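Asks: Taking the hints into account, I'd like the entire structure generated from these sequences.
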Amino acid sequence: MRYLRKTLQYLLILENGKRLLTLFLISVPAGIAASFAFPTESVYEWIKNYSVGNTNFWQNWTLGGSRFAVWMGLLAMFMLLIFSISVMASIVSRSLRVGVFKVERLIYEFNESFFPAFFTVLLYILAYIVTKTIITLFLVLWQTLKFKALSLGLSVFTFALLLCGASLLLSYTVMFLPTMSFNGLKARDALIASVRKCGGKARKILPAIALPIAVVIVIGSLIAIFEIPLLSQIIDSVLYSLLFAYLLSLSMISYYEIEQLKREDYPREYFFRKK
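Take the sequence shown: its position 188, counted from the start at 1, is 521 in my numbering, and no numbers get skipped.
These aren't lab readings, by the way, just hints derived from the structure by calculation. Every value quoted in this text rests on a predicted model; they were computed, and no experiment measured them. Don't take each hint at face value.
Once the Cα atoms are required to be at most 25 Å apart in a straight line, the calculated SDA-like pairs of lysine to any residue come out as [unchecked claim]:
no., residue 1, residue 2
1, LYS465, THR388
2, LYS481, LYS339
3, LYS381, LEU564
4, LYS465, LEU455
5, LYS595, GLU442
6, LYS339, VAL528
Per label pair, the in silico range of CB-to-CB distance [to be verified]:
no., residue 1, residue 2, range
7, THR477, VAL436, 49 to 55 Å
8, PRO540, LEU483, 43 to 49 Å
9, ARG338, ARG529, 22 to 28 Å
In this text, a Cβ means the ideal position worked out from N, Cα and C, and glycines have one as well.
Replies: Structure below.
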């Protein structure tokens, strides 16, 4: 839990939550787009209306949601997330490097980390599509079974298992963005370096990735029980915005922890309180 604790400390304790609020606001546009691309309400609706024999691939891929809304949301999220990640990466890296957490001109922040953000978002969007496709193939397979309870149980178990597997793979690439940003490596070299350096730490990083993702899915699905679409959309937007801010911070902090670099972002008041 070290990486989870360090990231939450960075966002919530140091500077009394100012960092989380700032990064959250920057992530909001991407969070809104993500609420259309990955509506957690669909998870609840899919479970509620589950029936065996539904072997329609695309209906299972979208969990019964609108295919047009999902793909348009995914495209919008891709573009907006590049902007949000670029700006946040510049802000967080500067705070860790020189101890100054503030937003300069947005265009400047965007330009500074554009290419690392672009390749990072592209990698994870492609990984999401591949993972979602594999999950969907299993859902279609299990729905050929005649017993509804068994089919649903296997579907939920497979979904959770593959989600954990994807989170583990993500743990190996957590240093992908900061390695490009700090070391100036090309995308391929940065990916290889991240996998190599995170190899021995991946299982320790895993909870810091899997738990927040699971929390977002569970909370969003529980809110959907009220069956108020607007409320679900708002909650999803907030949750995804927080998740993006958290994951970006996690990647930067993991880089400093694994490379054993000295961080300059601790305010003097923090050390005073520690004493």
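Asks: A separate judgement is required for each hint: does it hold in the structure or not?
Replies: Status of the hints after comparison with the structure:
Among the hinted pairs, LYS465 with THR388 is consistent with the structure: their alpha-carbon atoms are about 15 Å apart, no more than 25 Å. For the hint pairing LYS481 with LYS339, the CA-to-CA distance comes to about 43 Å; that exceeds 25 Å, so the pair is violated. For the proposed pair LYS381 and LEU564, the alpha carbon gap of about 19 Å is at most 25 Å, so the pair holds. Distance hint between LYS465 and LEU455 is fulfilled; the C-alpha atoms sit about 15 Å from each other, no more than 25 Å.
Under the criterion of a C-alpha separation no larger than 25 Å, the hint pairing LYS595 with GLU442 is consistent with the structure, at around 23 Å. With a C-alpha separation of about 21 Å, the suggested pairing of LYS339 with VAL528 holds against the 25 Å cut-off. Remark: the range hint 49 to 55 Å for THR477 to VAL436 is upheld by a beta-carbon distance near 53 Å. One distance hint, 43 to 49 Å for the beta-carbon pair PRO540 and LEU483, is violated here, with the actual separation near 30 Å.
For the pair ARG338 and ARG529, the supplied restraint of 22 to 28 Å holds, since their beta-carbon distance comes to about 25 Å.
Hints 2 and 8 from the list above are not met by this structure, while the remaining hints are.
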